[in-house]
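K.L.:
Here's the letter readout for the chains.
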Amino acid sequence: QQQVKQSPQSLIVQKGGISIINCAYENTAFDYFPWYQQFPGKGPALLIAIRPDVSEKKEGRFTISFNKSAKQFSLHIMDSQPGDSATYFCAASISDSNYQLIWGAGTKLIIKP
Amino acid sequence: GAVVSQHPSWVICKSGTSVKIECRSLDFQATTMFWYRQFPKQSLMLMATSNEGSKATYEQGVEKDKFLINHASLTLSTLTVTSAHPEDSSFYICSAPTLNPRTDTQYFGPGTRLTVL
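Sequences listed follow chains A and B, in order. All residue numbers for the first sequence refer to the working numbering, where the first residue is 1 and numbers rise by one. All residue numbers for the second sequence refer to the working numbering, where the first residue is 1001 and numbers rise by one.
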């Protein structure tokens, strides 16, 4: 019940296209859902995050869609660029859980020029 | 945003030696820090939660005597890999949450690549 399932494992998208990565969870106590971007040999960097009180959050080309009833959330990258090629992780946490994050398995995204 | 640094960024050591990795929150105080290890092409695996002024909390299967954690101040946590062996070779990453409960944002260090020969 603590798992966060992420798909796909890898994704290839043409430059300018839309990249979509999906995550699903079981624990309804989760109330914070961040996405992290990680480049090879670097630590993860927070990209965007959402709480269950909204269904969508947009920051530039990055959008999180959140479906509370389905217990799913997804990351959309619009106008994907080669510089977006990285591994993306979704995560979830409970606010009073000492901030511990439960991680998805990661998606390796490749944007073809 | 907040900055978390790690030192060193990479280290090579001989089997049997100990290695210390530092994690610092540069512009905020962190009563809690997390230590992860990450194997190639895998997700982050939480090793332990470092609490300032108290003992660390280790995840199941992580040897507390092998991975010593000290959180001596609100901006510094250290992970010491004692008697390192080749199987300890990995990418070690720390993170620290800001204290704003509404954001719950965790900031990650750049990671430390440990190679044990």
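Since the hints were made in silico from the structure, they are not lab data. Be aware that one or more of the hints could be misleading.
To be verified - Pairs of lysine-lysine, BS3-like flavour, derived with a Cα cap of 27 Å:
1. K1041/B <-> K5/A
2. K108/A <-> K1066/B
3. K1014/B <-> K108/A
4. K71/A <-> K1014/B
5. K42/A <-> K1041/B
6. K1041/B <-> K15/A
7. K42/A <-> K1014/B
8. K112/A <-> K1066/B
9. K68/A <-> K112/A
K.L.:
So, for every hint listed, does it hold in this structure?
P.N.:
Going down the list of hints, with the structure as the test:
Note on K1041/B and K5/A: the hinted pairing holds, with a Cα-Cα distance of about 16 Å set against a maximum of 27 Å. With a C-alpha separation of about 32 Å, the suggested pair K108/A and K1066/B falls outside the 27 Å cut-off, and the hint is violated. Of the pairs offered as hints, the one joining K1014/B and K108/A is violated, with about 33 Å between alpha carbons and a cut-off of 27 Å exceeded. A hinted pair counts as satisfied when its Cα atoms are at most 27 Å apart, and K71/A with K1014/B does not qualify at roughly 47 Å.
About 13 Å separates the Cα atoms of K42/A and K1041/B, which keeps this hinted pair within 27 Å; it holds. For the suggested pair K1041/B and K15/A, the alpha carbons sit about 23 Å apart, so the restraint of at most 27 Å is met. The hinted pair formed by K42/A and K1014/B meets the criterion: a straight-line CA distance of about 24 Å does not exceed 27 Å. About 43 Å separates the Cα atoms of K112/A and K1066/B, which puts this hinted pair outside 27 Å; it is violated.
Proposed proximity of K68/A and K112/A is contradicted: the alpha carbons are some 33 Å apart, above 27 Å.
The structure is inconsistent with the numbered hints 2, 3, 4, 8 and 9, although it conforms to all the rest.
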